[in-house]
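*Asks:* Each chain is listed here by its residues.
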Amino acid sequence: MTLSIEGKHKNVKTTYRFTHKHILGIEQLSVADIFHILDTAISFKEISNRPIKKVPTLKGKTIINFFFEPSTRTRLSFEIAAKRMSADTFNIAASTSSATKGETLIDTALNLQAMNPDIIIIRHGSSGAPGLLARHVAASILNAGDGTHEHPSQALLDMMTVREHKGNIEGLKVAIIGDIAHSRVAHSDILGFSKLGAEVRVAGPETFMVPGLDALGAKVCGSVAEAVTDADVVMALRIQKERQDDPLIPSLREYAQFYGINHNLLQKYAHPDVLVMHPGPINRGVEMNPDVADGKGSVILEQVTNGVAVRMALLYLVMGQEGGRG
Amino acid sequence: MATVKMIILQNGRLLDPVTGVDTEGDLWMEDGVIVSPREEIPENSQVFDVRGKWIVPGLIDMHVHLREPGEEYKETIKSGTMAAAAGGFTAVACMPNTTPVNDCASVTQFILETAAREGSARVYPVGAISKGSKGAGLAEYGELKEAGAVAVTDDGLPVFDSQLMRRAMEYAGSHDLLVMSHSEEIALSRNGSMNEGVVSTRLGLRGIPVAAEAIMVYREIALAELTGQRTHIAHVSTAAAAELIAQAKARGVRITAETTPHYFTLTEEAVGDYDTNAKMNPPLRTEADRQAIRKGLQDGTFDAITTDHAPHSVLEKELEFDQAANGIIGLETSLALALALVRDGVIDALRMVELMSSAPARILKVAGGTIASGSVADVTVVDPGKKFVFTKESILSKGKNSPFLDWELQGKAVLTVMGGRITHNELL
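Chains as they are written, first to last, in the numbering used here: chain L, 1 to 326; chain Y, 1 to 428.
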């Protein structure tokens, strides 16, 4: 099933039903699921532009933000999304949780479960941690980033943003530049964009690549120029400033010189209407020059705006408001 | 049982790789020794008709973790040897990574005394290469040997320092102790939790490349060549390491090697959805590696099948995958998985017994490995057709951490006799 961008999810006549209780990754989502989430997000986006930015949809629902890694924007985005749906939200950060007291993740989760939350949004440094939680608690689990595995809400907001600008994702050339190996954003974006029929290219120094990216759906390019050639979308990933145990790049200076996205590169190789994206926060002048980040094709702040809409849609859908779970 | 004079097994298929025997016949045991059958069956004899079953020298697993002393909640010498007996093993060699580390005579003596008192199998302690297995300074091999250790290793960890490994091989040679190598280049494997490849990328897990094993296997070969001492490569998981070992053997290096049922049965795909029961070190590899391991069992690259039996409790396993402990249990599944190789035509029955009994006895220089008259009465009766479902409830080991849970397996030890004492019996 393919839904057009105009299709309001409520009016589409189909037997499709969103049945996911948890959002653990893009891997588990079908093409129909992704379009349904994006359509739902578009219908919710308008709420954020109202003078009173609140609907009663999730009134009485309890949502816990359970973050084991520092995060400002993702946590805030989920919190705003939940509050605009009238849910009650609570934040637990790793520093205030029991994680450092030797309590296991499962124990902590069971304690949270005992307080009967409806949704637990989790960010965790270990890949697969949200799935582990989902096997032990009754609440819906939303993965807000796990290790180097997936960051599904980020990929969905990326797809939503591209879809709004390009109308369709199928056939687009999407270039992702940077530390593919250690990026859950790249991982989810590769899966998502390729599921929707885009040609996903990745590039960066070989130290940023891992085996099996082609199996995920990415074309590994030998150079940034090759990846960017005729690209409709160019996304740069944030470079981790320090990695003590693993010398991946000699310096940020050299990285910027050989792999940074700048105006000249895009003008020379990319499609004239190229969209410039970044999951944030940007190291300006490293993976992306300010002339590009603030340039005409940049949709970086729209990504942030759409993040709230996508997360509202996810909260709404996993609560089974359409009769999935009651 | 103690009053029984004789144990007599009748009409079985006798298999002995040492003598090359593969024939129908009877096996008599008297006072802990295998004896020639006589005209008349004496009174008080315990007689078993084992028609259709195999009579083989008691299986020997030269690589297990019994966890005692120090981690008795995971396994004890008692529970571990009960699991061994149920799996058809009459002897196990236990790794020194206990708490405290078995790096001295007193820990070795403790293990032997406990095993003598509570054990259902012979236990051969393996001492540490370095004091505390900390990778600096040799443990006291002379005293370890005198106390009863059969080998040395820092298993669980590699020996980082090549000079230390060289000296360990040389000094172990002086005391006729085998050096067992846990071959891993830590700089490459650090923080990895499964094989590096398509599956690790899909799951977002840090990978352990094949090179981490191959580099260290090559170092051990080079050092074995330099020192001329016998060296044993533990738990080989990769085609690359198998090839290096085959080449070294071809040019006469004194290298022996073991692999495990999980490496010849499973691949990295078994990790599935972050199943920590498929997490071990070295990790499960690819199908090409699995095939190379099977070929190596066939062509003599590998001398022994071991389990690397590594019991853990849920405390170490019901965790995030990258936080979970490495290791799986294996004593109660090893025989059935090896019998699958026989059914698949990879190896024949005699070769299987060689890999699981005769060769470990020879490498460790311990008793057993043959059912010739006059040998110690360590004997296992195998029913190669017996099917069973390997359930959590059926496990005798304290550890339930197995990737083979709920598998239907075929082939089981139905009688295990250790030194003339029945340690496991399903024949009743």
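Among these hints, one or two may not hold up.
Derived CB-CB ranges, DEER-like [to be verified]: (1) Y:GLN291 <-> L:LYS241: 36 to 46 angstroms; (2) L:ASP246 <-> Y:ASP275: 39 to 49 angstroms; (3) Y:LYS387 <-> L:GLN240: 46 to 56 angstroms; (4) Y:GLY135 <-> L:ASP245: 17 to 27 angstroms; (5) L:PHE258 <-> Y:ASP348: 15 to 25 angstroms; (6) Y:LYS134 <-> L:THR229: 53 to 63 angstroms; (7) L:THR229 <-> Y:GLN163: 35 to 45 angstroms.
It is worth saying that the hints were derived from the structure and are not from the lab. For each residue, glycine too, the CB sits at the ideal point set by N, CA and C.
*Asks:* Please go over all the hints and tell whether each is borne out by the structure.
*Replies:* For each hint, the structure was consulted:
Distance hint for GLN291 of chain Y and LYS241 of chain L: a CB-CB separation of about 43 angstroms, consistent with the stated range 36 to 46 angstroms. For ASP246 of chain L and ASP275 of chain Y, the hinted distance range of 39 to 49 angstroms is not satisfied, since their beta carbons lie about 26 angstroms from each other. One distance hint, 46 to 56 angstroms for the beta-carbon pair LYS387 of chain Y and GLN240 of chain L, holds here, with the actual separation near 52 angstroms. Between GLY135 of chain Y and ASP245 of chain L the C-beta distance comes to about 19 angstroms, which sits within the given range of 17 to 27 angstroms.
Taking the beta carbon of each, PHE258 of chain L and ASP348 of chain Y are about 58 angstroms apart, not inside 15 to 25 angstroms as hinted. Checking the proposed 53 to 63 angstroms range against LYS134 of chain Y and THR229 of chain L shows it holds: the Cβ atoms sit about 54 angstroms from each other. Restraint check, THR229 of chain L to GLN163 of chain Y: a C-beta distance of roughly 52 angstroms breaks the suggested window 35 to 45 angstroms.
In summary, the numbered hints that this structure violates are 2, 5, 7.
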